[in-house]
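> Sequence:
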Amino acid sequence: MYEARHQPLLDKAAFVRRVIFHFTIAVGVLLGSLFIGILGYHLTERLGWLDALLNAAMILGSMGPVDPVRTSAGKIFASFYALYSGIVFIVVAGVILAPVVHRVLHHFHIDPGEKA
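In terms of my numbering, the sequence shown opens at residue 8 and continues consecutively.
Heads up, some of the hints might be wrong.
[As the list claims (entries may be wrong)] Simulated DEER-style distance windows between Cβ atoms:
1) HIS114 to ILE94: 45 to 53 Å
2) GLY71 to PRO15: 44 to 52 Å
3) LEU16 to TRP56: 23 to 31 Å
4) GLN14 to SER79: 52 to 60 Å
5) ILE83 to PHE115: 43 to 51 Å
[Unchecked claim] No more than 25 Å apart at the CA atoms, straight line, and that leaves these computed lysine to any residue pairs for SDA-like:
6) LYS19 to LEU112
7) LYS19 to TYR9
8) LYS82 to LEU41
9) LYS19 to LYS82
10) LYS82 to LEU57
11) LYS82 to MET65
Derived by calculation from the structure, the hints in this document are not laboratory data. Where a beta carbon is used, it is the ideal one built from N, C-alpha and C, also for glycine.
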């Protein structure tokens with residue numbers, strides 16, 4: 008997916024496309040994760056769609072739930088969703104930062120005469 012050590016740096020337009028692609032992947036992961044949270048809160052806690060969205064977004068954003076969790080199923084779901092959300096945060100940060108970090112590291116591994 009990325010250029011090898013012996014290949015020149017990508018031109019700026021290709022690099023911007025790569026960053027946009029990675030950002031799109033990250034947004035997709037976030038939206039999918041938000042959907043899981045909304046559905047989970049709606050089914051386990053019988054929250055309305057808007058309240059389920061708020062609780063899922065708050066947990067996914069590392070802020071904690073807004074509504075108290077009352078059912079056993081809701082508590083189990085909220086526990087696993089909170090752990091899952093922490094992993095999603097790390098994955099999304101990695102996906103967004105990967106092209107930039109790769110470009111910086113790749114820049115230091117090519118000969119000065121090979122720069123694009």
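> Is 43 to 51 Å right for how far apart the beta carbons of ILE83 and PHE115 are?
holds, 47 Å
> For the pair we were handed, LYS19 and LEU112, check the Cα-Cα distance against 25 Å.
Judged against 25 Å, a Cα distance of about 16 Å means the pair holds.
> So if I understand the rule, the pair passes when the alpha-carbon distance is 25 Å or less; does LYS19 with TYR9 pass?
holds, 14 Å
> Is 23 to 31 Å respected by the C-beta to C-beta distance linking LEU16 and TRP56?
For TRP56 against LEU16, whose Cβ atoms are near 46 Å apart, the range 23 to 31 Å is violated.
> For the pair GLY71 and PRO15, does the Cβ-Cβ distance stay inside 44 to 52 Å?
The hinted range 44 to 52 Å holds for GLY71 and PRO15, with Cβ atoms some 47 Å apart.
> Need the status of pair LYS82, MET65: alpha-carbon distance at most 25 Å?
holds, 15 Å
> Could one say that the CB atoms of HIS114 and ILE94 fall in the range 45 to 53 Å?
About 30 Å separates the Cβ atoms of HIS114 and ILE94, which means 45 to 53 Å is violated.
> Check whether the Cα positions of LYS82 and LEU57 lie no farther apart than 25 Å.
Since the Cα atoms of LYS82 and LEU57 sit roughly 19 Å apart, the hinted pair holds (cutoff 25 Å).
> Taking 25 Å as the top limit, are the C-alpha atoms of LYS82 and LEU41 close enough?
holds, 17 Å
> For the hint 52 to 60 Å, verify it against the beta carbon of GLN14 and that of SER79.
holds, 55 Å
> Against the 25 Å threshold, does the CA-CA distance of LYS19 and LYS82 hold or violate the hint?
Not OK: LYS19 and LYS82 at ~48 Å, beyond 25 Å, violated.
Checked against the numbered hints above, the structure breaks hints 1, 3, 9 and satisfies the rest.
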